[in-house]
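*Asks:* Spelled out from the first residue to the last, the chains are:
2 protein chains.
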Amino acid sequence: MKNRDKSLSADIVRIPYQQMEAEFLLVLKKKGFSDDKAKTCASIFAQNSLDGVYSHGVNRFALFVKFVEKRYIRIDNEPELKGSSAAIEQWDGRLGPGPINALICTERAMELSREYGIGCVGLSNTNHWMRGGTYGWKAAKAGFAFIGWTNTIPNMPAWGAVDCRLGNNPMIFAVPYNNEAIVLDMAMSQFSYGTMESYKLKKQQLPLSGGYDKKGQLTTDPSAIIETQRSLPVGYWKGAGLSLLLNIMAAVLSGGEATHEIGRHEDDFGVSQVYIAIDISKLDNYRMIVGIVNEIIDDYHDSVTESDSMKIVYPGERALNTRKENLSEGIPVERNVWNQIKSL
Amino acid sequence: MKNRDKSLSADIVRIPYQQMEAEFLLVLKKKGFSDDKAKTCASIFAQNSLDGVYSHGVNRFALFVKFVEKRYIRIDNEPELKGSSAAIEQWDGRLGPGPINALICTERAMELSREYGIGCVGLSNTNHWMRGGTYGWKAAKAGFAFIGWTNTIPNMPAWGAVDCRLGNNPMIFAVPYNNEAIVLDMAMSQFSYGTMESYKLKKQQLPLSGGYDKKGQLTTDPSAIIETQRSLPVGYWKGAGLSLLLNIMAAVLSGGEATHEIGRHEDDFGVSQVYIAIDISKLDNYRMIVGIVNEIIDDYHDSVTESDSMKIVYPGERALNTRKENLSEGIPVERNVWNQIKSL
Numbered sequence: 020m021k022n023r024d025k026s027l028s029a030d031i032v033r034i035p036y037q038q039m040e041a042e043f044l045l046v047l048k049k050k051g052f053s054d055d056k057a058k059t060c061a062s063i064f065a066q067n068s069l070d071g072v073y074s075h076g077v078n079r080f081a082l083f084v085k086f087v088e089k090r091y092i093r094i095d096n097e098p099e100l101k102g103s104s105a106a107i108e109q110w111d112g113r114l115g116p117g118p119i120n121a122l123i124c125t126e127r128a129m130e131l132s133r134e135y136g137i138g139c140v141g142l143s144n145t146n147h148w149m150r151g152g153t154y155g156w157k158a159a160k161a162g163f164a165f166i167g168w169t170n171t172i173p174n175m176p177a178w179g180a181v182d183c184r185l186g187n188n189p190m191i192f193a194v195p196y197n198n199e200a201i202v203l204d205m206a207m208s209q210f211s212y213g214t215m216e217s218y219k220l221k222k223q224q225l226p227l228s229g230g231y232d233k234k235g236q237l238t239t240d241p242s243a244i245i246e247t248q249r250s251l252p253v254g255y256w257k258g259a260g261l262s263l264l265l266n267i268m269a270a271v272l273s274g275g276e277a278t279h280e281i282g283r284h285e286d287d288f289g290v291s292q293v294y295i296a297i298d299i300s301k302l303d304n305y306r307m308i309v310g311i312v313n314e315i316i317d318d319y320h321d322s323v324t325e326s327d328s329m330k331i332v333y334p335g336e337r338a339l340n341t342r343k344e345n346l347s348e349g350i351p352v353e354r355n356v357w358n359q360i361k362s363l
Numbered sequence: 020m021k022n023r024d025k026s027l028s029a030d031i032v033r034i035p036y037q038q039m040e041a042e043f044l045l046v047l048k049k050k051g052f053s054d055d056k057a058k059t060c061a062s063i064f065a066q067n068s069l070d071g072v073y074s075h076g077v078n079r080f081a082l083f084v085k086f087v088e089k090r091y092i093r094i095d096n097e098p099e100l101k102g103s104s105a106a107i108e109q110w111d112g113r114l115g116p117g118p119i120n121a122l123i124c125t126e127r128a129m130e131l132s133r134e135y136g137i138g139c140v141g142l143s144n145t146n147h148w149m150r151g152g153t154y155g156w157k158a159a160k161a162g163f164a165f166i167g168w169t170n171t172i173p174n175m176p177a178w179g180a181v182d183c184r185l186g187n188n189p190m191i192f193a194v195p196y197n198n199e200a201i202v203l204d205m206a207m208s209q210f211s212y213g214t215m216e217s218y219k220l221k222k223q224q225l226p227l228s229g230g231y232d233k234k235g236q237l238t239t240d241p242s243a244i245i246e247t248q249r250s251l252p253v254g255y256w257k258g259a260g261l262s263l264l265l266n267i268m269a270a271v272l273s274g275g276e277a278t279h280e281i282g283r284h285e286d287d288f289g290v291s292q293v294y295i296a297i298d299i300s301k302l303d304n305y306r307m308i309v310g311i312v313n314e315i316i317d318d319y320h321d322s323v324t325e326s327d328s329m330k331i332v333y334p335g336e337r338a339l340n341t342r343k344e345n346l347s348e349g350i351p352v353e354r355n356v357w358n359q360i361k362s363l
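In order, the protein sequence lines correspond to chains A and B.
Each residue of the first sequence is one higher than the one before, counting from 20 in this note's numbering.
Each residue of the second sequence is one higher than the one before, counting from 20 in this note's numbering.
Hints are not guaranteed to be accurate.
DEER-style ranges, computed between Cβ atoms [claimed, not checked]:
#, chain 1, residue 1, chain 2, residue 2, range
1, A, Gln359, B, Glu216, 44 to 50 Å
2, A, Gly179, B, Ala161, 48 to 54 Å
3, B, His320, A, Gly102, 29 to 35 Å
4, A, Leu237, B, Glu216, 20 to 26 Å
5, A, Asp321, B, Ser242, 25 to 31 Å
Keep in mind that the hints were calculated from the coordinates and are not lab data.
A virtual CB, placed ideally from N, CA and C, is assigned to each residue, including glycine.
So that you can see chain A by itself, here it is in the shape it has in the complex (with noise of 0.2 Å):
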C-alpha cells in the first residue's frame, strides 16, 4: 500500500535504474555527502522506488535534502557506541543520515548474532531510515532472521483519543527465502498519510476504512481523515497498544527520544530505533530451515481465494514483480518530482 500506483497518467516519466541512482548521487555530492555515504544514500533511495516504494525513495528525496540542508541531518556525524552487555549495544545516531545509521546498526545486529546468536542494537538520536524494509532485506538475503523497528512522530491517536499521542512505528519482520526474502514492513496506522494523500489526489475512497471523520464516524474518504488526523490504527485498539509498547521499547532499548519528546521537535528527526538479528545458521535445525519456508509459502499460496483472478502474495513477494517490471521499464516518477530533483 505504499503509493504502488499503476494509474500512470501522461505526467509520468519512467526514470532507468542507473540514471535515477546516478541523479542523487550527483545531488547528494553537491550537497556536501563524502563519496561513500553518497552511494549508499543514493543505492538506497533508487533501490526503494526500484521496488515500488515511492513514497520512501524518489518521492522523499527532496524532502530528506532540505533536512540536510536544515541541518537536521548532519552528514558527516557517524554514530557512536556508547554502550554494551555481549550481545545488546547502544548506540548513539548523533542526527547522522537515518539510512546510514540504520545499516550500520542492522550490520552490527548481525555481526553480534554471529558471535551471540541473537544480537541487538538500539540506535538513539537518529534519523528517518525511510523504507523499514530496506533492513530487513539486508539481513534476510545475507541469511539472518530480523525484527526492528522505529519510533516516530506523534501521528496517530491513542484507541478512544482525538489528538494524536502515538507514532505509526514501522515494525519489520524479515527471513530469507529462495534467495531473497519475505519482509513484513508494518506501520501502526492502516493507511500512511502519504497513501492517503494520493487517494485524496485522485478523488478516490479508500478501499476500507483508514480512520475517523469529524463526527466520530469511522471513514472510507481520505479528505475527511486527513482534516481531523485521526488515522485508525491497525486492528483498532490492538496497533494503538502495539505503537506504544514499541515506541517505549525503543526509547528504552536505545537510550533515546520516546514519540512524545520528538513532537517537541521543529520536525521529524532524532527519533529511536532497534535492530535484532538471529543467525539461523547457527541453529541446529538449519538444513531444515529452508525445506519448513519453502513448505509454508507453498501452502499460503495454495489457499482458496474469493475469486479466481486473486493471487495470495506473501509480504515483500510484490516489491519483486514491481522491481522486475520497473528494472525493464525504468522507474516511474511523476513528471514535476523528477524536475524538481534535477534542479536540486
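With chain A held as given, fit chain B onto it using these hints.
*Replies:* Then chain B, alone, in the frame of chain A:
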C-alpha cells in the same frame, strides 16, 4: 476483549481466588500431576481468571484436563535442550503442559539475557500456553523487556482468501512499569472465536467488523463469521502478513512445526513458540528507564478522549483493575462451568 463480560447474570457465581486455585489443584493432582506441576498450573489458571482472562483461565480448565486425559498433553514430560548458540537456545517441549513449558522457557530466556544482555529460546513441540500475557507479566515484573509469540492451528484466512491457512498467533510485548508491567497480548485476529461465541450467545453484534459473511461482505454479526470461518486479521492484510512471519519465525527458531503441519493433528497441540528477554538493568541508561516509561504513560493518559466518560488505558491496565475487583468480590464464573470443574 478476552471475554471480560461485566453483564453478570444470575447464572454467575463469584469464587474466591484461593478457593478456585485450591479446586484446580485438587483436580490436577487427581489427574496425576506431581505436586509442583499441579501447583504451577493451578496458579496460572487461577491468575488468568483473576485478571479477567476467563477464556484462558477457568473457562478453559476443563478442556485442559480433557487434553491431559487424551494424552495430547503429557504431564510427566519436561522440556529438553536440543541445541544452543550462546544467547539462543532451542528446546523440545515433548508435549508437556503448555503453561509449564512456557514458564521454563521464559525463565531460561531471562537467564540467557542476564548473561548476554538479550536471550532467545525457541520451543518446539509444546502445548497451548493459555494466556500469553502470563509470561510477559512474569518477565516484566522481574525487570526484563519481553517479546514472545506462539503459532497455532490454522484459524484465519490469508488476505483475500476464504480458507484458513494462517494462525491467530498471539504475540506478547511487555515492559516493567510501576512495580507491575505494561503487557500487550495481541492475537492476529480482530476477535477470537471465544469472544465471537460470547457475543453470539448474548445475541449481540460485535462492536466493529470482525470478519466476512457468506456473501463476502465485512460484518459485525458473530454468527455469520462463525459460519464462514473468515475471521478478520487485525489491520486486514497487515495482520495476515504478521501472522505469516510469526509462524515462519516460530518454526525456524524452534525447529518445530508450522501452522499447516499443526493443522494435520487430530486436535490443537504441538505448537512452536519464541521467547525473547532483554535484561534492561544491564543498559547504560538504566536509571533513566523508569523515568522515560512513566513520562510516556503520563503523556498517553493525557490523551483527549471522545467523551469525558472514556478513559485511555495502556495494555494491561484493565487487567490490574479486574484483578483488584475479583480479589475483593471473587472471580465470576458461570455456574455450569464451575459445577463441571467440581465434577472432574
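*Asks:* If a hint holds in the structure, say so; if it doesn't, say that too.
*Replies:* For each hint, the structure was consulted:
no., hint, result
1, A:Gln359 with B:Glu216: 44 to 50 Å, "violated, 56 Å"
2, A:Gly179 with B:Ala161: 48 to 54 Å, "violated, 31 Å"
3, B:His320 with A:Gly102: 29 to 35 Å, "holds, 30 Å"
4, A:Leu237 with B:Glu216: 20 to 26 Å, "holds, 25 Å"
5, A:Asp321 with B:Ser242: 25 to 31 Å, "holds, 28 Å"
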